[in-house]
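> Residue-level listing of the chains:
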Amino acid sequence: MATLREPVPTFAGTPPFPKAAAAALADRQLRENLRRATTTIRDKRARAVAERDDWEALRLAGAAIKDEVLARLPELLVKLEERVTAAGGAVHWARDAAEANAIVAGIVKDTGATEVVKVKSMATQEIGLNEALAREGIAAWETDLAELIVQLGQDLPSHFLVPAIHRNRSEIRDIFRRRMAAAGRPAPDGLTDEPRALAEAARLHLREKFLRARVAISGANFAIAETGTVIVVESEGNGRMCLTLPETLITVMGIEKLLPRWQDLEVFLQLLPRSSTAERMNPYTSMWTGVTSDDGPQAFHLVLLDNGRSDTLSDPTGRQALRCIKCSACLNVCPVYERTGGAAYGSPYAGPIGAILVPQLRGIARHPVDEQTASLPYASSLCGACFEVCPVRIDIPEVLVHLRGQVVRQRGWRQRTLSQEALLMRSLGLALGEPRRLAAAERLAGLAAGTVARDGWIGRLPLPGLLGAWFRGRDLRAPARMSFRRWWARQRRGTT
Amino acid sequence: MRVALFVTCFNDLLFPEVGRAVVTLLRRLGHEVDFPAGQTCCGQLHFNAGYRDQALSLVRRFTRVFAGFDAVVTPSASCAAMVRTHHALLVREAGDGALEAAVGEVAPRVRELSELLVDDLGLTDVGARFPHPVAFHPTCHSIRLLGIGDRPRRLLEAVDGLTLVDLPGADECCGFGGTFAVKNAGTSVAMGTDKVAAVRASGAAVLTSADTSCLMHLGGLLSRAHAPVRVMHLAEILASR
Chain A
2 MATLREPVPT
12 FAGTPPFPKA
22 AAAALADRQL
32 RENLRRATTT
42 IRDKRARAVA
52 ERDDWEALRL
62 AGAAIKDEVL
72 ARLPELLVKL
82 EERVTAAGGA
92 VHWARDAAEA
102 NAIVAGIVKD
112 TGATEVVKVK
122 SMATQEIGLN
132 EALAREGIAA
142 WETDLAELIV
152 QLGQDLPSHF
162 LVPAIHRNRS
172 EIRDIFRRRM
182 AAAGRPAPDG
192 LTDEPRALAE
202 AARLHLREKF
212 LRARVAISGA
222 NFAIAETGTV
232 IVVESEGNGR
242 MCLTLPETLI
252 TVMGIEKLLP
262 RWQDLEVFLQ
272 LLPRSSTAER
282 MNPYTSMWTG
292 VTSDDGPQAF
302 HLVLLDNGRS
312 DTLSDPTGRQ
322 ALRCIKCSAC
332 LNVCPVYERT
342 GGAAYGSPYA
352 GPIGAILVPQ
362 LRGIARHPVD
372 EQTASLPYAS
382 SLCGACFEVC
392 PVRIDIPEVL
402 VHLRGQVVRQ
412 RGWRQRTLSQ
422 EALLMRSLGL
432 ALGEPRRLAA
442 AERLAGLAAG
452 TVARDGWIGR
462 LPLPGLLGAW
472 FRGRDLRAPA
482 RMSFRRWWAR
492 QRRGTT
Chain B
-15 MRVALFVTCF
-5 NDLLFPEVGR
5 AVVTLLRRLG
15 HEVDFPAGQT
25 CCGQLHFNAG
35 YRDQALSLVR
45 RFTRVFAGFD
55 AVVTPSASCA
65 AMVRTHHALL
75 VREAGDGALE
85 AAVGEVAPRV
95 RELSELLVDD
105 LGLTDVGARF
115 PHPVAFHPTC
125 HSIRLLGIGD
135 RPRRLLEAVD
145 GLTLVDLPGA
155 DECCGFGGTF
165 AVKNAGTSVA
175 MGTDKVAAVR
185 ASGAAVLTSA
195 DTSCLMHLGG
205 LLSRAHAPVR
215 VMHLAEILAS
225 R
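Quick mapping for you: the protein sequence lines, in order, are chains A and B.
Last residue of the first sequence: number 497 in my numbering, and the count goes up by one each step with no gaps.
Last residue of the second sequence: number 225 in my numbering, and the count goes up by one each step with no gaps.
Simulated from the structure, these hints should not be mistaken for laboratory data.
Check each hint, because a few of them may be wrong.
Straight line, CA to CA, 25 angstroms or less: simulated SDA-like cross-link-like pairs of lysine to any residue [what the hints assert, rightly or not]:
#	chain 1	residue 1	chain 2	residue 2
1	A	LYS327	A	GLU132
2	A	LYS20	A	ASP371
3	B	LYS167	A	ASP28
4	B	LYS167	A	PHE388
Cβ-Cβ distance ranges computed for the label pairs, FRET-style [to be verified]:
#	chain 1	residue 1	chain 2	residue 2	range
5	A	LEU212	B	GLY133	28 to 34 angstroms
6	B	THR108	A	ASP456	30 to 36 angstroms
7	A	GLN421	B	ASP155	42 to 48 angstroms
8	A	GLU201	B	THR108	55 to 61 angstroms
9	B	ASP80	A	PRO369	25 to 31 angstroms
10	A	ARG494	B	ALA78	51 to 57 angstroms
11	A	ALA27	B	ALA85	50 to 56 angstroms
12	A	GLY451	B	THR108	54 to 60 angstroms
13	B	VAL149	A	PRO189	21 to 27 angstroms
Beta carbons: idealized from backbone N, C-alpha and C, even for Gly.
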């Protein structure tokens, strides 16, 4: 059987956000691809949402249902386990990525299979399942078109919904021509970059894998506690193939994906498609409850994944991140994501939601985090466009600022020598704490600026670190010779 | 009505002419403002950067200094939003009941300039004259946090001789973002460069907004590029005649 032999790239070793972003900012093709794609999706979403005059009510309902789930999580999970088990499925509990990967690998090995087909899943990317399976000699084939492009291109996904958003069609044609043969059926001779031709090449390549696979792995968009039903929402039909053709189906699901009642789907099947693909209704919605004899997979395993979610739940401000339904609307409107792309965030969870979810999943509330993780809450100008479009009303700017507070507290007691930032913040705090001190500092700044400013602006100053960073591409407004407070005092004296 | 001016630390040092314009404008409209000398900063810089303790002591000072006024006018949508939406949150977190009550009194009285003019004084035509093509940058905190909507635009439209030019992508962030501008300088400059390109293509001679923080970032980019576009705060245009 064909396999891709080269090592698969991972997010491990991604530098802190500013440095990772620099590479993307310098790549003109990438920025053009991203700008074109995000502005198109952004406008389509706005139109799809504007059609509904009850959109705000739907958002409120979505947030309320998710908050109920978070408040009742233990009880609802046990109920889900009961229902899935009663319907002939098996439920496994995984504390972290290593446990989840071991459970899945064990199930696949028991079937004797050496390959699996996969329907796109954020949870399995989060735990690095494909790499874990590869170490056990099991090949995992991504079947979502964009995931296939990423996998064949030995690339990293950069968007929840369109993981290959950073690629244009001629790049995709080249990847197919170069790499398909190593993974199975080669690309047809004379493949062009016509979208139709590219889709057909992918269909032929994947069809072979669907028909051969004995085991499939999926994530879940939702699971209903009262019925034990699991739901996968997708657009290409590859999910339907994975969920129905193989003998064994393994679903890896974050514990927050739960909904209490069947009826709750009414809200989410309206919120999700309009927010993510700007569709009124989702093309393929697959739902299954345990196993059905003589129809579909005869063995069903549900792996419930914690991996930092309980820690996240324990933070009253941060826990709203667990409402997320992975629609990607926040990525598409984010002016930072539009320019840096997803890879700069160093995890499959990119964009604004990634910046608040990943530090929490990595335990920022419990222990100091590494530099890359600590850089994520700062990867935002706090413009608030993400909160505006979030279908479950996650106040992302609020959580970003909250997490920055945690980073500052951790740095405070960990670093004996103060960073330049902490020093600046302290000095500014000192000056602003007392009007006399502020007035004195303002006079000094004004006098100093007078020696270097021209027409009210300071051109370039060879300053280190954060201060110097301002002058990259920008001039600085010169502190005034006479501050407002001095002017006020003078004109007051003059009039009395 | 006893009105205090909260000039903001940023304007005090970097754009004092904006504070002077507010005083001139309100005097012309028949309103005298007071400038409590104990004022410094609303705490936004420290709060947004994660330095909550320092932010809290600035909230304490702000609340003490501005207690007792009927309204506090400020030429900054961002600082007005900080006071109105985040001061209460900060003091609740700190568990200081007395301060929470005081913030509950003072914070809701804070008005961004266009709110004071349009809502409290019932004006859109303030008798200004400014015969130039102007681009208006709405600013994220104006529209998303403070929700001042089209008030600045209505004020600008009523200015004699002023041509308000169309600015494509006006609602998008300019990339300033406080410490974001230096911590993520590359991305910040990339965002600002796109905004500046839109401004230059619009044919405006002046770029205005309700916040000088965005204007310092965009003005710095324009100045570096020697572009023939000036930045001016909304108050300066409204005070012109």
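> Determine for every hint whether it applies to the structure shown.
Here's how the hints hold up against the structure:
no.	hint	verdict
1	LYS327/A <-> GLU132/A	holds, 23 angstroms
2	LYS20/A <-> ASP371/A	holds, 15 angstroms
3	LYS167/B <-> ASP28/A	holds, 20 angstroms
4	LYS167/B <-> PHE388/A	holds, 22 angstroms
5	LEU212/A <-> GLY133/B: 28 to 34 angstroms	violated, 58 angstroms
6	THR108/B <-> ASP456/A: 30 to 36 angstroms	holds, 33 angstroms
7	GLN421/A <-> ASP155/B: 42 to 48 angstroms	violated, 34 angstroms
8	GLU201/A <-> THR108/B: 55 to 61 angstroms	holds, 60 angstroms
9	ASP80/B <-> PRO369/A: 25 to 31 angstroms	holds, 28 angstroms
10	ARG494/A <-> ALA78/B: 51 to 57 angstroms	violated, 39 angstroms
11	ALA27/A <-> ALA85/B: 50 to 56 angstroms	holds, 53 angstroms
12	GLY451/A <-> THR108/B: 54 to 60 angstroms	violated, 39 angstroms
13	VAL149/B <-> PRO189/A: 21 to 27 angstroms	violated, 52 angstroms
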